[in-house]
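Protein chains in written order, with our numbering: chain U, 111 to 519; chain H, 56 to 350; chain B, 7 to 291.
Note that these hints are calculated values from the structure, not bench results.
Hints are not guaranteed to be accurate.
What the hints assert, rightly or not - Simulated restraints, written as ranges between beta carbons of each label pair:
no. : chain 1 : residue 1 : chain 2 : residue 2 : range
1   : B       : 20        : H       : 130       : 33 to 41 angstroms
2   : U       : 415       : B       : 142       : 17 to 25 angstroms
3   : B       : 154       : U       : 387       : 49 to 57 angstroms
4   : H       : 247       : B       : 68        : 54 to 62 angstroms
5   : B       : 65        : H       : 130       : 42 to 50 angstroms
6   : B       : 56        : U       : 276       : 56 to 64 angstroms
Note that the structure is a prediction, hence the values are computed from the model and not measured.
Yeah, the Cβ is synthetic: ideal placement off N, Cα and C, and Gly gets one too.
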Amino acid sequence: MQVRLTQRLTRAAIALTAIGLTGITAQAETVRVTVAYYSDKTGPYFQQMADAYEKANPGDSIKIEVVNWDTLLQKLQTDISGGTNADLAIIGTRWLLDFVKDDMAEPLDGYMNPAFKNRFIGAFLAPGQISGKTYGLPIAASARGLYYNKEMLTKAGFPNGPKTWDDVIAASKKIKASGSYGFGLQGKEIETDVYWYYGLWTNGGEVVGKNGKAAFNSPAGIKAATLYKSMIDQGLTQPGVTNYSREDVQNLFKQGRVGMMITAPFLIGQIKKEAPNLKYGIAPVPKGTTSATYAVTDSMVMFKNSKVKKTAWKFLDFLFTKDPRVAFTSGEGFLPTTKEEAAAPAFNDPDIKAFVNLLPTARFAPTVTGWEDTAKAVSDAMQAIYLGKAKPADALKVAAEQADKALGQ
Amino acid sequence: MARTASGRPLTPWLLIVPSLALALFIIGYPLYNIVFQSLHEVSRFGLIKDFCGLDNFRKVMADPVFMASLWRTLWWTLGVVGGTVLVSVPVALILHQDFYGRGVARTIVMLPWSVSLTMTAIVWRWAFNDEYGMVNVTLQRLGVISSPIHWLATSNWAFPVEILVGVLVSVPFTVTIFLGGLSSVPGDIYEAARMDGATAWQQFRKLTLPLLRPFINMAIVLNVIYVFNSFPIIWVMTQGGPSNSTHILVTYLYERGFRLGKPGEAAAISLVMLTMLFCFTLLYLRIQPKEGEGS
Amino acid sequence: MMRIDRSKLRRSIICWLVLLPLVVVVLFPFAVMFLTAVKPSEEVFVYPARWLPTTYRWANFTDMWEATKFGVALKNSLYVSISSTILAIAVSIPAAYAMARFPFQGKGLYRQFLLVTQMLSPILLVIGLFRLAAMIHWGEGNLVDKHISVIVAYGAFNIAFAVWMMSSYFATIPKDLEESAWLEGCGRARAVWKVFLPLAVPAMTVTAIFTFINAWNEFAVVYTLIRSDANKTLTVQITDLVAGRYTVEWHQVMAATLLATLPVSVLFAWLQRYLVKGLALGAVK
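Just chain U, same shape as in the assembly:
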């Protein structure tokens, strides 16, 4: 299986080179690529791609460096300020605007023909475009859905999962009565803010308004925060929410100790591996007044100061052909970002489809500076609310003021 994949990749790469060779015969060059660590498959995957590419393009070499997410920004910072940055890098799309502002990103439009552009699912390409130019290609994408424990939810009377927040509360009460936790609520570390945005968006609220100012301090925001807090107070969530990161809640879910939680597609793979007997379903994020979910992409960017842009682009082109994409996306448990891979049998899976179906209502993080400050302000506010240290209205007001300071630049 592995061998077959490699062969196909090599063939793809050879075909690609043929196209490349019709241009100028490039000199042997080394392209350095900084990639983010997604799972233990990431490193081997990119190494395999590099090998396949090198085989098809004798002389060129690709050097992969895998960096943990936790320290990626720090590493990029050191590299860039030391003048030793790579040629290609994966970055969080939320950093792209700063990247472009610093004039470090190479606009890719000049390299792309319409056919290349057309490979992508439009919604995923858009976040990598800033004022009409494409700077980042969506290497990874995910959306969020509600995972529910089939057994518990069937017993509680919602065999197909809850549809609305009221359902969530009703189901949680029943689940609580039988001794488990109803709704898994994330209360610390990365995406604590996002976990609340689900409630905000589905109640018709917005994080950042059209005027570029914080908009979450709204009736919808207060409603969402009050909803979560009331679930905590009624004991419908796991206790001690502010000590639960996303991973911690996922562990509870895998253990069959919590009835519902909202998270990304990669949990599917984890459940398959670690809790194969768990029966679960995937539903849209519960509705309040409207439907919504969160989608996020990571971007592959090219550095403007790269001296091997042509070769770097060739490698990029190769990465975004069908087989490499399918191998990456199915290996990591992300969503397909190109049309060809979406059609591949690997994604003809009801679980993945459930996520793909959510995309029309998905929100992406807006490309604004200060998004991370906003996230931080909101996370702090949520923790204060969950702990009962502040009233929703007060905490949100403070957070909005802080966010405005960061957004108003």
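Once you have looked at the hints, place chains H and B on chain U.
The following block gives chains H and B in isolation, referenced to the frame of chain U:
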């Protein structure tokens, strides 16, 4: 006295030069770099933009989280260093006794030092996990508590827990320094004291403590510096949360610089921290009676 | 001849009793590490949590050895730690001797300077260090991803402690020993070598332990300066297993941590005897 030919004033400088040169070489540029960054606008990716005077300092000072973190840093440092010295002096005295299994005991006491701080913090974070953590499991088994304690969910528990972990990891270093100091105390002094009828406490007060003094001073000053700058324990266990309630300056600095992408402000915080430490050591060394050479 | 000294036995029991709470707290995380390290991966998160695994899965250690490239990392760690220790001690002994034996102008200043080298928050310092390493030409490239850069940095950062520790100790070595050696016709340098240094062994041992451990456990500098897997040290490889990952293989992490502490523990067990009281005494007579 007999300051012979080699007693020229140049000799000590010649002896110092290698260490001075090495330290200057390594520290000089980074220090300059921090000062430079703190006075400039620096982008998320570390590019230096315009000169901005003291703007970075002003922004940081205006943040209420900064002031709260500053006070918490003082408590953190006081708690960890104070706790460490209080634990280490008796432990070092015991380990200096002649008893069966002393080698084993010394090795055990030093063990926490053999694990990197980050890893220690990770293990403890895991041990304090609400549901799966061994701390709660053990306490429940022993019947001390009936339901799990949410150790890291609020700062009421989390911060003291972090201080305790801080003490635990600082003890080996401190005990080792004290043991080194105690080993320089000639044993016959004690025999003489015992013959004079001194009690154990008197021996400790009159003999051991004064001889240990320079070592205690060193332990305090160095521990203050390390603990004040200590990053992994708090970052790994709570990341300064929930709601900024366990931030100390260095975690706050890291968050500003590498999470929120404001390296210039981070550099400013770093300089504020440097100044605080500098004032502390100056003050501390000034207050201490001069340690005479070969007292 | 196995006569047990009764007063020593009583003393031993008291000493151990007093140490007991600390011993328990110290050993607790090691118990956690060990028992997690030998658990089958599917037992790491079970509820209700248990101390003991149902079966001891020793293969975790071999799996981990592969996953972390433990052998290479171990070699790198040893190389970097030993080299930087030698460097730090070598430049610090003369300085410490000067501090302990000579009154001279600028002594206080020098001491303050050394302290300042310890005071900067290391997290920010590394960016400067990285730039420095990137600026210096070395071989075909620069000093980034070279062990020598890490060794020199560690060496420098440990000078402050080494000088201070050793000078405090040197000051307690009676001057008259050396002076009597001078009278016997020894040159000052020879007297230092023959009389002084042998007495200073415990101080050097403590200092060496400290420097070695610091280097062994250091993370920020080596993580920033070293890039390739072939050059990474143990702390980096192990922390890489944990930081910012969606799923963490806890049993492997714990196995790796436990194994990484072994060399240091052996070092402790071996070196602690050099801290024994009275080592200096023999020479004093």
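Verification of the hints:
At roughly 34 angstroms, the beta-carbon separation of residue 20 (chain B) and residue 130 (chain H) lies within the given 33 to 41 angstroms, and the hint holds. A C-beta distance of roughly 20 angstroms is found between residue 415 (chain U) and residue 142 (chain B), which places it inside the suggested range of 17 to 25 angstroms. A hinted range of 49 to 57 angstroms holds for the C-beta pair residue 154 (chain B) and residue 387 (chain U), which are about 53 angstroms apart. About 59 angstroms separates the C-beta atoms of residue 247 (chain H) and residue 68 (chain B), a value consistent with the hinted range of 54 to 62 angstroms.
The hinted window of 42 to 50 angstroms between residue 65 (chain B) and residue 130 (chain H) holds, with their beta carbons roughly 46 angstroms apart. For the pair residue 56 (chain B) and residue 276 (chain U), the supplied restraint of 56 to 64 angstroms is violated, since their beta-carbon distance comes to about 39 angstroms.
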